[in-house]
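From first to last, the protein sequence lines are chains A and B.
Just so you know, we're using the working numbering here: the first sequence kicks off at 1 and counts up by one.
Just so you know, we're using the working numbering here: the second sequence kicks off at 1 and counts up by one.
Hints are supplied without guarantee of correctness; some may be wrong.
FRET-style restraints, in silico, Cβ to Cβ [as the list claims (entries may be wrong)]:
| no. | chain 1 | residue 1 | chain 2 | residue 2 | range |
| --- | --- | --- | --- | --- | --- |
| 1 | B | A20 | A | A151 | 14 to 22 Å |
| 2 | B | T10 | A | D49 | 38 to 46 Å |
| 3 | A | R98 | B | A20 | 15 to 23 Å |
| 4 | B | A20 | A | H20 | 29 to 37 Å |
| 5 | B | R40 | A | A151 | 32 to 40 Å |
Partial selection, computed: residues in chain A whose CB lies under 10 Å from chain B [stated by the list, open to error]:
| no. | residue |
| --- | --- |
| 6 | G32 |
| 7 | I34 |
| 8 | R51 |
| 9 | F54 |
| 10 | Q99 |
| 11 | A100 |
| 12 | K101 |
| 13 | A108 |
| 14 | V109 |
| 15 | M115 |
| 16 | L137 |
| 17 | L242 |
Hint data in this document are derived by calculation from the structure and do not stem from the laboratory.
Even for Gly, the Cβ is constructed at its ideal location relative to N, Cα and C.
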Amino acid sequence: MAETLDLSSFVERNEAGTAHMTLAVEGVGCAGCIRKIEGGLGKIPGVIDARLNFTQRRLAVDWREAEIGAADIVRALERIGYHAHPFAPARSEAEDSRQAKALLRCLAVAGFAAMNVMLLSISVWSGSDMTQETRDLFHWLSALIALPAAAYAGRPFFVSAWRAVRARNLNMDVPISVGVTLALGLSLYETATHAAHAYFDSAIMLLFFLLCGRYLDLAMRRKTRMFAGNLASFKAEFADRLDAKGEVVRVPASALSPGERVLVRPGEVIPVDGTVLSGSSEIDDSLVTGETLPRGVGAGATVYAGSMNGNGALTVVITAAGTGTLVDEVERLLLKATEAKSRNVRLADRAARLYAPVVHAAAALTAIGWLFAGASFHDAIVAAIAVLIITCPCALALAIPAVQVVAAGQLFRAGVILNCGDAIERIAEADTVVFDKTGTLTLPDPAADAAAIDPALLEHAARLALSSRHPLAVALARQARERVPYPGAIEKPGEGVRALIDGEEGRLGSAQFCGMEDGDALAGDGEASFIGFSLAGRTARIPIRQELRADAVAVTQALKARGLDLVILSGDRPAAVEPVARKLGVREWLGGLTPAAKIAAIALLKAEGRRILMVGDGLNDAPALAAAHASMSPITAAHLTQAHADALFLGAHLMPVLRAVVMARRARALMRQNLALTVIYNALAVPFAMAGMVTPLFAAFAMSGSSMLVTLNAVRARFGTPRERLDEPATNAAASARQPAGKSIGPVAGATAEGGP
Amino acid sequence: MNVLIYLVPTALLLGLTGLACFLWTLRSGQYDDLDGTAVRILSDDDLKD
Chain A
1 MAETLDLSSF
11 VERNEAGTAH
21 MTLAVEGVGC
31 AGCIRKIEGG
41 LGKIPGVIDA
51 RLNFTQRRLA
61 VDWREAEIGA
71 ADIVRALERI
81 GYHAHPFAPA
91 RSEAEDSRQA
101 KALLRCLAVA
111 GFAAMNVMLL
121 SISVWSGSDM
131 TQETRDLFHW
141 LSALIALPAA
151 AYAGRPFFVS
161 AWRAVRARNL
171 NMDVPISVGV
181 TLALGLSLYE
191 TATHAAHAYF
201 DSAIMLLFFL
211 LCGRYLDLAM
221 RRKTRMFAGN
231 LASFKAEFAD
241 RLDAKGEVVR
251 VPASALSPGE
261 RVLVRPGEVI
271 PVDGTVLSGS
281 SEIDDSLVTG
291 ETLPRGVGAG
301 ATVYAGSMNG
311 NGALTVVITA
321 AGTGTLVDEV
331 ERLLLKATEA
341 KSRNVRLADR
351 AARLYAPVVH
361 AAAALTAIGW
371 LFAGASFHDA
381 IVAAIAVLII
391 TCPCALALAI
401 PAVQVVAAGQ
411 LFRAGVILNC
421 GDAIERIAEA
431 DTVVFDKTGT
441 LTLPDPAADA
451 AAIDPALLEH
461 AARLALSSRH
471 PLAVALARQA
481 RERVPYPGAI
491 EKPGEGVRAL
501 IDGEEGRLGS
511 AQFCGMEDGD
521 ALAGDGEASF
531 IGFSLAGRTA
541 RIPIRQELRA
551 DAVAVTQALK
561 ARGLDLVILS
571 GDRPAAVEPV
581 ARKLGVREWL
591 GGLTPAAKIA
601 AIALLKAEGR
611 RILMVGDGLN
621 DAPALAAAHA
631 SMSPITAAHL
641 TQAHADALFL
651 GAHLMPVLRA
661 VVMARRARAL
671 MRQNLALTVI
681 YNALAVPFAM
691 AGMVTPLFAA
701 FAMSGSSMLV
711 TLNAVRARFG
721 TPRERLDEPA
731 TNAAASARQP
741 AGKSIGPVAG
751 ATAEGGP
Chain B
1 MNVLIYLVPT
11 ALLLGLTGLA
21 CFLWTLRSGQ
31 YDDLDGTAVR
41 ILSDDDLKD
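Kindly produce the complete structure, drawing on both the sequences and the hints.
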């Protein structure tokens, strides 16, 4: 079929007649790839420049529109051997990149200032024979460097602190800003009054350490977002748009708008929400509602993006987002659930809330104490500010982000992508894991039960299934070892497919079609759907079911062993949920739930005081994910669902869920250790400050020492004790062999390998 | 101590030069593709003929 590919929604044009496009490229793994791609495209007339960003696996191409089109470039890459997907950078990514550059500039300025001020400070500390004039000169020079540098490099903290104060809130940036400002102010006053001590170096070094922490945190977040962005573009669906003349143009689903008509062929994923205009088919809604039985649709029926079309072609009119009844309800529930969640307070902010009043009270007490003891007003204030400087939460501000960065990196390597920074804390706090069934505990793609049939017969049936586009046949066809369809196969829509196999007629389809009498072979018996097969007088009912992920049993056992309660909440029929729950040994389960009922079930569990980690993939799970304490979803999940999950996991296994729980718990333990370390540090250092014994030299040692201590402790998140090492179960190889190549899991698994260091 | 009059400005100037260089490398995008830069050095046809 001749079809035109329209990628114009991804192309940026400029007035000189040249165009620019960014593509996410699959399968880039070595230095040779750069040369192959850049060289290969460079030879094509019309291409001005092709530059591959190896870190991001993205290719930027510029070309002259008059000579070549965007689709030609994608095809050319295909010929070179790389799948490329047009990529529209998310706005959040551009914002992150801008922020990262700003932070790096602040970091550079703070680093420069810290080094030069320290150069002067060390001279002052070691130069006992220094005259007062020289010391003043050095202090003034320090002020000259430190004040503008702090004004520039401290902005990220000042802005955030000001925002928090205005919202009548306290975050870690408030004590930081107060500490830095007071340290600089005091030093300036001391310098002006020819005093012996100035704390310029402390203030600027504090900013330098903190900026390091911030930058690392952001860099980690950018890396996971970039990776998730690539995955999203690998998955991005294309749709066949019907224009006014009835011609078919292939466009990215993101370029479609309401009111347009889309052709959905048999066996394709429906790319949009809409209403069926013409045609009839059976569609598989399992990604949307969790229901595994196919649903018959005809003209006027509502369909949702993500459903798999069955055996008939459909013309669908796109409806505006959020007008579908289910989508509407999901969005409404989401809104409510997200509001409830924002009340969760992060560990760091909880610490800040406790910390700031205590520190400021201690400083005030110091000043009052010295005044009562008969010290001069100046000395009392100096002692009070010394308390603020020494307690300035350098270590405290690093304690949690440092662990987060290291743990997020570890999780990334284990195939878990974090969507938000405090996900680790919340996953660690969970005491109940709620699983969705379809697509989460089971694999997203159904497969035939090979154990139930004679292998030779199954192979014939699977090869015959290659000629059909019915969803059950497609599932069966993936098991064909010899991937060559039988010649001359004829498909009768709604009945089945037949062909000559070694001189005998083979039939695959409904029971009637295959000459079987025992009921309708396509009807389900609860857990599985059946497809009939007959060959040379032999008949078989082949059960097709969504199989459990290979390691589901092992993972659920391990989760239970770690003291977590397990619950299954599914939108699928109770009859289909029961066997899964039994096999996994999960006692609490509910089936046939609507999105609202799922939220209600979660609210009930919450009311019992449980903290829930929800793992789900369907559109119907999105509100439940948002309502739960923490949430995860597989990368095959619906888009909306992914957006509301705290973490995504890759691949055909459930192991990442267990890994995430184990690593999150370890990370949380380390965060608490770090908080304890900072408390100990403060308990030791504050008495010295209160006694007025803190010299700038002492402050410099204490602050950098405590910062390094918590950072080094955070690095321990990389190393698990051998007992905690989680090896993939031995069943892996078998499972991945059964997993169809090239389906949605394929590129993801490849991408995991690339994501490693 | 007269030596300070030119040593301190020299030290500061050197530091500022380093800072300016870093900001320039940042602006010209030299940190955008760190992994790519590491492997590009292995290919020897970087000069277009």
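Hints versus structure:
The beta-carbon spacing between A20 (chain B) and A151 (chain A), approximately 19 Å, falls within the hinted interval of 14 to 22 Å. Checked against the hint of 38 to 46 Å, the C-beta distance between T10 (chain B) and D49 (chain A) comes to roughly 43 Å, which is consistent with it. About 21 Å separates the C-beta atoms of R98 (chain A) and A20 (chain B), a value consistent with the hinted range of 15 to 23 Å. Checked against the hint of 29 to 37 Å, the C-beta distance between A20 (chain B) and H20 (chain A) comes to roughly 31 Å, which is consistent with it.
With their beta carbons about 39 Å apart, R40 (chain B) and A151 (chain A) fall inside the hinted range of 32 to 40 Å. For G32 (chain A), the shortest C-beta to C-beta distance to chain B is roughly 8 Å, which falls under 10 Å, so the interface hint holds. The beta carbon of I34 (chain A) is positioned within 10 Å of a beta carbon in chain B (closest approach about 6 Å), and the interface hint is therefore held. Residue-level restraint check for R51 (chain A) holds (minimum Cβ-Cβ distance to chain B is 9 Å; threshold 10 Å).
Contact between F54 (chain A) and chain B, as hinted, is supported at the beta carbon level, the nearest pair being about 3 Å apart and thus within 10 Å. Taking 10 Å as the C-beta contact cut-off toward chain B, the hint placing Q99 (chain A) at the interface is violated, the least distance being around 13 Å. For A100 (chain A), the interface hint holds, since its Cβ comes within 10 Å of a Cβ in chain B; the closest pair sits about 9 Å apart. With a cut of 10 Å, the hint placing K101 (chain A) at the interface with chain B holds, because the nearest CB-to-CB distance is about 6 Å.
Annotation: interface hint on A108 (chain A) holds; nearest CB of chain B at approximately 5 Å, less than 10 Å. Because the closest C-beta pair between V109 (chain A) and chain B is about 7 Å apart, less than 10 Å, the hint holds. Contact between M115 (chain A) and chain B, as hinted, is supported at the beta carbon level, the nearest pair being about 7 Å apart and thus within 10 Å. Residue-level restraint check for L137 (chain A) holds (minimum Cβ-Cβ distance to chain B is 8 Å; threshold 10 Å).
This hint is violated: L242 (chain A) has a C-beta 41 Å from the nearest C-beta of chain B, more than the 10 Å allowed.
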